[in-house]
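**Q** In case you want the letters, here they are:
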Amino acid sequence: MDDLLQEFLAEASESLGLLDGELVRLEDTPDDSEILGNIFRVFHTIKGTCGFLNLPRLEKVAHAGEDLLSTFRDNAGLVTPEAVSLILRCVDAIRALIGALEVSGAEPEADHAALIADLKAAVAAGEARSRSGNTEPASEPDAGGAPAPADAQPEVGPSKVAAGAASTAPDPAKADREAAGEATPGHEGATSSMTIRVNVEVLESLITLVSELVLTRNQLLQLARNKDNGPAADGFQRLSRITTELQEGVMKTRMQPVGTAWAKLPRIVRDLSVETGKKIELKMNGGEAELDRQILEMIRDPLTHMVRNSADHGIEPREVRRAAGKPETGTITLNAFHEGGHIIIEIADDGRGLDIARIRDKIVERGLATAAELDRLTEQQIRDFIFRAGFSTAETVTSVSGRGVGMDVVRSNVEKIGGVIELTSEPGKGTTFTVKIPLTLAIVSALIVGCAGQRFAIPQICVRELVHVAGGGAHRVQMVNNAPVLSLRNRLLPLVSLRDLLKLEAAEAAGFAGGADKGGRDFYVVVAQIGSRLLGLIVDRVFDTEEIVVKPVGRMLRKIPFFSGTTILGDGSVIMILDPNGIAATAGPAQVNRSEQTPALAQGEDRRTSLIVFRAGDRSRKAVPMTLVERIENVDVSAVETVNGGEVVQYRSHMMPLVSVSPGFSRRGEGNQPVLVFADGKRTVGLMVDEIVDIVDAPLSVELKGGGCGTLGSAIIDGKATDLIDVGHYLTRGFADWFGGEAGGADDGADKSQEKTRLLLVDDSAFFLRLMSPRLTISGFEVIEALGGEEAMALHDRGIDVDVIVSDIEMPGMNGFAFAEAVHNGGRWSEVPMIALSSRLTDQNRERGRSAGFTSFVPKARGDELCGVLRQVLQQNGRAA
Amino acid sequence: MTIVRTSGTASVTDKGILTDGPGGGRREFLTFTVGRQTFGLPLGAVDDVLDERPLTPVPLAPAEVAGSINLRGRIITAIDVRRCLGMPKAAPNAAHMSIVTEHDGELFSLVVDAVGEVIAVSEGFHEDNPVTLDEHWRGFSAGIYRLESDLMVVLEVGPLLDGIEAAAGN
Chain A
1 MDDLLQEFLA
11 EASESLGLLD
21 GELVRLEDTP
31 DDSEILGNIF
41 RVFHTIKGTC
51 GFLNLPRLEK
61 VAHAGEDLLS
71 TFRDNAGLVT
81 PEAVSLILRC
91 VDAIRALIGA
101 LEVSGAEPEA
111 DHAALIADLK
121 AAVAAGEARS
131 RSGNTEPASE
141 PDAGGAPAPA
151 DAQPEVGPSK
161 VAAGAASTAP
171 DPAKADREAA
181 GEATPGHEGA
191 TSSMTIRVNV
201 EVLESLITLV
211 SELVLTRNQL
221 LQLARNKDNG
231 PAADGFQRLS
241 RITTELQEGV
251 MKTRMQPVGT
261 AWAKLPRIVR
271 DLSVETGKKI
281 ELKMNGGEAE
291 LDRQILEMIR
301 DPLTHMVRNS
311 ADHGIEPREV
321 RRAAGKPETG
331 TITLNAFHEG
341 GHIIIEIADD
351 GRGLDIARIR
361 DKIVERGLAT
371 AAELDRLTEQ
381 QIRDFIFRAG
391 FSTAETVTSV
401 SGRGVGMDVV
411 RSNVEKIGGV
421 IELTSEPGKG
431 TTFTVKIPLT
441 LAIVSALIVG
451 CAGQRFAIPQ
461 ICVRELVHVA
471 GGGAHRVQMV
481 NNAPVLSLRN
491 RLLPLVSLRD
501 LLKLEAAEAA
511 GFAGGADKGG
521 RDFYVVVAQI
531 GSRLLGLIVD
541 RVFDTEEIVV
551 KPVGRMLRKI
561 PFFSGTTILG
571 DGSVIMILDP
581 NGIAATAGPA
591 QVNRSEQTPA
601 LAQGEDRRTS
611 LIVFRAGDRS
621 RKAVPMTLVE
631 RIENVDVSAV
641 ETVNGGEVVQ
651 YRSHMMPLVS
661 VSPGFSRRGE
671 GNQPVLVFAD
681 GKRTVGLMVD
691 EIVDIVDAPL
701 SVELKGGGCG
711 TLGSAIIDGK
721 ATDLIDVGHY
731 LTRGFADWFG
741 GEAGGADDGA
751 DKSQEKTRLL
761 LVDDSAFFLR
771 LMSPRLTISG
781 FEVIEALGGE
791 EAMALHDRGI
801 DVDVIVSDIE
811 MPGMNGFAFA
821 EAVHNGGRWS
831 EVPMIALSSR
841 LTDQNRERGR
851 SAGFTSFVPK
861 ARGDELCGVL
871 RQVLQQNGRA
881 A
Chain B
1 MTIVRTSGTA
11 SVTDKGILTD
21 GPGGGRREFL
31 TFTVGRQTFG
41 LPLGAVDDVL
51 DERPLTPVPL
61 APAEVAGSIN
71 LRGRIITAID
81 VRRCLGMPKA
91 APNAAHMSIV
101 TEHDGELFSL
111 VVDAVGEVIA
121 VSEGFHEDNP
131 VTLDEHWRGF
141 SAGIYRLESD
151 LMVVLEVGPL
161 LDGIEAAAGN
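Going down the list, the sequences are from chains A and B. Taking the numbering used here, the leading residue of the first sequence gets 1, the next gets one more, and so forth. Taking the numbering used here, the leading residue of the second sequence gets 1, the next gets one more, and so forth.
Treat the hints with care, as some may be off.
[To be verified] Facing chain B, according to a computed beta carbon distance under 7 Å, are these residues of chain A, among others: (1) Glu212; (2) Gly572; (3) Val574.
Hints in this document: simulated from the structure, not taken from any laboratory. Note that beta-carbon positions come from the ideal geometry of N, C-alpha and C, so glycine has one too.
With the hints as extra help, turn the sequences into a complete structure.
**A** As structure tokens, this is what we get:
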């Protein structure tokens with residue numbers, strides 16, 4: 001190809017890359033002569049050069065476009081969406097021609113007669129209109145269902161899209177790559193003037209080489225550290241610095257702003273709004289955040305698809321929006337930002353939100369799940385079905401998003417690059433997709449730690465701090481339900497022992513299961529940040545930080561979730577790179593599972609229950625079931641304030657009342673006061689204790705005694721008499737003290753003026769009834785207790801009305817199923833929703849329960865979910881909780 | 001590199017036993033031993049032979065994976081061939097060597113007891129797997145060659161490695 005032609009092609013595709021954005025801006029601001037000038041110039045230059053290079057087809061197309069543009073110059077009123085669409089068509093045609101020229105060096109046989117005729121017709125119409133002095137748009141905007149420019153987006157600053165487009169408008173080089181990429185699918189065109197196209201392979205091999213250089217430098221560094229190397233030191237320093245700079249430079253060649261993946265979106269949204277007659281504004285923020293180019297390529301299509309989806313399904317037609325009291329113009333917002341080694345991209349619309357009912361129907365229709373299965377799922381779980389293969393909510397396949405690409409493809413693309421996609425949606429308010437993807441830099445700074453004689457690397461980006469835990473030191477590891485935690489600045493940090501996690505065999509293999517602090521051994525806790533959570537990783541030693549080259553782990557090792565890669569250290573040894581995300585993901589559910597295995601309270605007296613044993617006031621041992629304790633906190637006593645004669649402390653931006661077990665209790669004068677935090681919804685109460693004695697798994701055999709004094713009864717735990725405290729009592733007291741003695745008065749959900757919802761709680765265990773009933777009372781229910789199904793039916797026969805029933809399943813005599821059947825067998829309770837609260841929720845049980853008439857199921861171990869489920873059930877039944 | 005003899009023909013003629021076998025072409029193998037068994041790996045599959053070198057164990061890896069090694073800046077997975085064959089563990093300080101081989105674009109190092117020599121054997125000495133051969137072994141054995149004083153099992157690296165990977169997936 002001749003140099004002149006090549007230069008022309010490079011220049012043309014560069015300027016064409018910017019045209020889409022400019023045209024969309026022009027549509028918003030038809031009288032911006034500067035934008036129009038820019039566009040005009042591009043056409044003019046292309047047309048002029050074509051004549052010179054003898055490219056007649058291209059010349060004709062560009063000429064026709066230029067003519068139409070020149071009518072715009074004379075009369076801004078002619079900039080209608082139709083006219084802009086025509087120009088965009090013209091741009092596409094030019095782009096296709098240039099693409100073909102790049103490949104073959106000659107103009108392809110293509111017929112542009114129709115386009116040119118359309119352009120000419122528009123010119124003629126425009127001129128006629130201008131001559132008649134009419135500056136109104138040439139055609140009625142409604143004909144095409146598109147808004148006229150005059151009222152295009154009156155309530156919206158016209159520069160919004162423009163500003164977004166400008167902020168993400170790629171620099172010429174990138175636009176060039178962009179445009180060339182589109183013009184020549186599957187062909188690496190050689191078009192550029194500002195940039196040199198480098199084969200990706202060359203780039204990758206450079207990166208590998210630099211990686212090796214860094215490794216060699218590190219090896220030398222290690223040597224240099226051990227020796228006083230005199231005159232060589234200076235040179236070495238420089239070599240080291242240059243290596244670092246080289247490394248950074250080379251890494252940058254792979255990075256591109258995420259905005260390059262967005263460049264086409266304004267045009268797409270614009271076309272969509274014309275096509276669908278909707279008004280849509282696209283806001284783009286954070287387009288400058290940089291990403292590895294491979295990753296960028298991978299997310300380009302998913303992003304486009306999600307934006308299309310939002311525009312097509314999310315944003316409602318104008319009339320619907322108006323009727324719903326929303327602004328006519330729908331907004332799609334793209335946000336990109338960095339968060340802890342990841343980039344987060346949010347795609348939010350303020351449209352109708354996902355229609356749960358329609359999704360449910362679709363799921364059943366497509367055979368993805370049965371209606372019965374769906375009943376068990378939360379709304380969020382149902383929404384997540386849109387990510388399943390073979391699902392599409394669009395009732396009619398439109399030309400816009402019905403392209404056979406579903407959200408399942410989007411999700412699998414995102415997951416392919418180690419990303420995560422989530423969605424939130426609120427009916428009538430809109431839908432937000434959140435995509436979290438790694439930056440995967442090939443070289444990272446890492447902290448090298450040692451555990452059981454092995455070394456591991458932890459990416460520095462996740463490491464928040466290091467805590468040295470020594471036998472008698474300030475930091476102590478405590479156990480909560482067999483899970484080690486560390487109190488760090490008044491927060492409990494969950495700990496994961498690397499030794500246990502990786503099953504590292506060593507002499508000390510017993511690990512931390514028996515209490516890490518008992519041995520008095522020194523160790524370190526690496527505080528790692530995973531998203532918004534913190535996790536402490538227990539390791540034996542901490543070495544240095546090193547720049548490491550991330551290499552993929554071998555194929556056979558990829559299934560191990562705890563490693564993100566592997567690397568070679570300065571001394572030549574191979575070590576594994578830990579993946580804190582993987583560790584958190586795996587460690588989290590493991591602990592959840594553990595707590596689920598914890599037998600539910602008092603379900604058969606031989607079951608074991610996890611209890612926190614503590615002392616407060618007197619020397620007697622007291623205990624409270626683990627599941628009821630939100631956290632164990634150390635409260636700085638200097639932060640305790642006195643309000644209304646009671647003590648409170650700031651806790652998570654709320655005031656938390658502090659209560660004591662007995663009048664004989666005296667709060668510490670200084671230092672930290674251990675506090676058991678009980679929570680119910682947003683409200684928390686802190687129970688001050690002298691010391692936490694232990695956490696035990698004990699069979700619970702309670703001798704009940706009269707309640708009300710804060711004690712449920714006593715039990716023999718670990719061979720010693722222990723008082724079981726009544727959490728409900730303290731919760732009530734905490735709030736009775738603070739809210740004028742009105743239990744539950746502070747509940748934002750409970751409307752005091754309304755009659756309370758009457759809840760019937762059925763269980764064969766008096767202990768359980770006494771445990772749950774105060775919690776429910778506090779949540780604003782009027783609780784009626786029944787000890788077993790027969791007693792409950794007796795209440796029924798006595799003519800007592802209830803609004804909702806929560807019942808155990810396994811009960812002697814009349815069990816839960818029989819009870820539910822009795823309830824639904826006609827009579828006053830037959831319409832009352834029933835929730836099963838059981839510790840044995842097998843699928844069979846659920847199935848049976850459902851046919852017996854239970855609407856929802858809550859595992860006993862997750863009693864904290866009961867209130868949420870109740871609210872949901874009552875809402876469905878048209879009652880407020 | 002510790003290949004004892006690099007030229008197959010030399011070793012073969014030295015031995016003088018296989019030149020006039022029952023006909024057919026010749027194939028070259030690198031022999032190695034694991035336990036008392038002699039194996040042969042087609043020479044084309046051999047990338048390198050390594051002495052003992054530091055091995056980094058990989059926690060939670062499949063039992064057949066001995067660890068990772070640094071081969072001139074490349075990190076490769078080392079396979080404990082003893083384990084793959086279902087043989088008892090080697091003594092803690094027992095000598096071992098490794099054969100580097102490529103499979104599906106990734107390098108692996110096969111940790112064996114000892115590497116022998118390169119030999120060329122006539123196809124005529126090839127026998128199918130005996131029907132009595134252990135089911136597990138049959139998976140990666142491509143038949144047997146009768147050598148002068150020994151039987152050599154031809155190791156097929158692909159099935160051996162794929163088997164580990166498949167097991168790791170469960």
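**Q** Run every hint past the structure and note whether it holds.
**A** We went through each hint and held it up to the structure:
1. Proximity of A/Glu212 to chain B holds as hinted, the smallest CB-CB distance being about 5 Å (cut-off 7 Å).
2. Evaluation of the A/Gly572 hint against chain B yields a held restraint, the C-beta minimum of about 6 Å falling below 7 Å.
3. Annotation: A/Val574 was flagged as interfacial toward chain B, and the flag holds, the nearest CB pair being 4 Å apart, inside 7 Å.
Going through the hint list in order, the structure satisfies each hint without exception.
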